[in-house]
Amino acid sequence: MDRNQTHRNRRRIYKALHFFGLFLIMEVICIPGLWIVLNSFRPTVEIMAKPPVWNPTFTLDHYRAMFGGAGEGGVPVFLYFRNSLIVSVTSTAIAILIGMGGGYAFARYRFAFKNSYFVGLMLFRAVPGVALSLPLFIVFARVGLIDTHFGLILVYVAMNVPFTIWLTDGFFRQIPKELHEAAEIDGCTRWQAFWRVEFPVARSGVASAAIFAFLTSWNEFALASQLTRSVGSKTMPVGLLDFTAEFTINWGGMCALAVLMILPALILTFIVQKHLIAGLTFGGVKG
Amino acid sequence: MTEVTLSNVVKRYGKQQAVHGIDLDIQDGEFLVLVGPSGCGKSTTLRMIAGLEDISDGEISIGNRVVNDLPPRERNISMVFQNYALYPHMTVRENLGFTLQIAKQPEAQITRAVNEAAGILGLDELMDRKPAELSGGQRQRVAMGRAIVRQPDVFLFDEPLSNLDAKLRTQMRVEIKKLHQRVGNTIIYVTHDQVEAMTLADRIVLMRDGHIVQVGTPLELFNTPVNTFAATFIGSPPMNLADGVVSDAGTIVLRDSLTIPVPKSARAHVKPGQKVQLGFRADNLMPVGHAVEEKGELVDLELTVALTEPLGTETLLFADLAGLEVQAKMLNPRPVQPGEKLAFHLMLDKTHVFDAASGVALRG
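Heads up: the sequence lines are chains A and B, in that order. Per our numbering, the very first residue in the first sequence carries number 1; after that it's consecutive. Per our numbering, the very first residue in the second sequence carries number 288; after that it's consecutive.
Just so you know, not all the hints are guaranteed correct.
Claimed, not checked - Between beta-carbon pairs, the in silico distance windows are: (1) A:H18 x B:P524: 38 to 48 Å; (2) A:V89 x B:E381: 46 to 56 Å; (3) A:R108 x B:K302: 17 to 27 Å; (4) B:T457 x A:G101: 25 to 35 Å; (5) B:D310 x A:R108: 45 to 55 Å; (6) A:H18 x B:E361: 56 to 66 Å; (7) A:Q273 x B:Q392: 34 to 44 Å; (8) A:G101 x B:E403: 33 to 43 Å; (9) B:K302 x A:I262: 37 to 47 Å; (10) A:V139 x B:Q396: 54 to 64 Å; (11) B:Q392 x A:V139: 47 to 57 Å; (12) A:L60 x B:E381: 21 to 31 Å.
Stated by the list, open to error - Within a straight-line C-alpha distance of at most 25 Å, the following computed DSS-like cross-link-like pairs (lysine-lysine) qualify: (13) A:K114 x A:K50; (14) B:K454 x A:K274; (15) A:K177 x B:K582.
In case anyone wonders, no lab produced these hints; they're calculated from the structure. Built from N, CA and C at the ideal position, the CB exists for glycine as well.
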């Protein structure tokens, strides 16, 4: 009886410590984001105040200014948003199509130098994107792709395809090949068997790959800052730079734009989080 | 009418040959079982018939139509897989109707066919469940239902019962046989379990290392195995094999100078000095007074029992025959103590002689 009690107490203490540790880690992750959101609603004086003002005033000035005219600290938010959306959605769609094809091929088919290809793709992932910015800039400048949506899309597709292949390969590998064979016997062509059977089963995997690819493109700054020039192609992360002047940084405005940038990504993640978390449910084969 | 014909069918993987030129004629409506140990090429053969594997050489035809270059969907076959391969994202109803949906059949007809198959297999209660919510036996039944709905020329089964527990397996075995009696289609069935082969088959094809060892009805394989492999693979317990040498006097001398006359059927095919193996089933070595029937030539033996396995209606005896452990069957069993000496009768007419070197049966 007594020993059971001590055992139970110890378990409770461990559990409390566990939660405390998790809490600390969540703090580290969440506070900067929260800070951005809070700052976007505070007057600049309060943001810069030292010692900090603990009792914040609420204001929408930064948002008003951001959507205002060019003279009043406004930035072309809608254009940036449009650019970001076009570039991210298109590049994600293309990367998923190519990556899914690749992942499927790696999972299902045998071909010469398969492993070398795969290692090559992973090595390509290991190269930091910025290291490519200068060569990319030179090539794009020659070809005339600087400051175009197409140029950025091309770069992001190249960045995302290896990762997508790696991720979807894993998901397709988990699907027993008998499902495909059964579909073929049931009257499907290979193409139908893929779209009617294997794709729906791997859907959650493809969804996670898509969200990763989308976020990568949506948040990418280093290459976009080199390859875009005008409002015609600048994406939101690059747009943040509009708030830096030679001697000053408009922190409030920057935070306001950052909030607008975070929102869509956050909403999208919420929508697909079911897929991100849900493991593949296999009932069609012996479980 | 759907005959399936394999002529000189070969499967190579690179330099390795998995199937060595198989010839087989399967009659319309026949239940044919391909049986053999793992790696014998039986599944590969089935998959070639299904079109899931390329044929390296030879010709396969289904219903007088050469199908070598036809994709699976044009061969009009159905297949039941070992792991069932149900579509996990579809309900039972959708799983069953999938093939007709792909074929763009009218909705009403799909519903009718699906309901009919569900009725045959007792799936009515389960129609709106996903495969994950079904037990192993139910999944197996859905897989069979999916095969029926297609109304194929030929059913292919690839070890469909291997993932079920023993009791369910016996039950499903009966259902498969009933299904065959009901639909009457040609069935090609792959298994490594000789009991399944014996109980289900009209004809058994016994395979080893990519070759056909023997083709015949279950009883033909049981009663007249062509070699020691067939003798030990088919039947449970496996046939007893005792090494011996043919003497000048027309007997086989086993170890410890134990002599047994050469069975009539083999007399013309052995010569003195030949090394042979004497084969007999447990059913044909019985304690005196405990056999089904004792007729024909009998050999009296006195053997020491080392171990007994009571099975109810019969007891399996592990006895010592000239230093070799052999199995005997005791009907109407009485308790036997290990170490007990019993008088046995060996039924010589049902005893086989195999050449020791090649394993080939010597009989007329």
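Hints, one by one, checked against the model:
{"no.": "1", "hint": "A:H18 x B:P524: 38 to 48 Å", "result": "58 Å, violated"}
{"no.": "2", "hint": "A:V89 x B:E381: 46 to 56 Å", "result": "31 Å, violated"}
{"no.": "3", "hint": "A:R108 x B:K302: 17 to 27 Å", "result": "23 Å, holds"}
{"no.": "4", "hint": "B:T457 x A:G101: 25 to 35 Å", "result": "46 Å, violated"}
{"no.": "5", "hint": "B:D310 x A:R108: 45 to 55 Å", "result": "33 Å, violated"}
{"no.": "6", "hint": "A:H18 x B:E361: 56 to 66 Å", "result": "60 Å, holds"}
{"no.": "7", "hint": "A:Q273 x B:Q392: 34 to 44 Å", "result": "39 Å, holds"}
{"no.": "8", "hint": "A:G101 x B:E403: 33 to 43 Å", "result": "39 Å, holds"}
{"no.": "9", "hint": "B:K302 x A:I262: 37 to 47 Å", "result": "59 Å, violated"}
{"no.": "10", "hint": "A:V139 x B:Q396: 54 to 64 Å", "result": "59 Å, holds"}
{"no.": "11", "hint": "B:Q392 x A:V139: 47 to 57 Å", "result": "54 Å, holds"}
{"no.": "12", "hint": "A:L60 x B:E381: 21 to 31 Å", "result": "52 Å, violated"}
{"no.": "13", "hint": "A:K114 x A:K50", "result": "59 Å, violated"}
{"no.": "14", "hint": "B:K454 x A:K274", "result": "39 Å, violated"}
{"no.": "15", "hint": "A:K177 x B:K582", "result": "55 Å, violated"}
Checked against the numbered hints given earlier, the structure breaks hints 1, 2, 4, 5, 9, 12, 13, 14 and 15 and satisfies all the rest.
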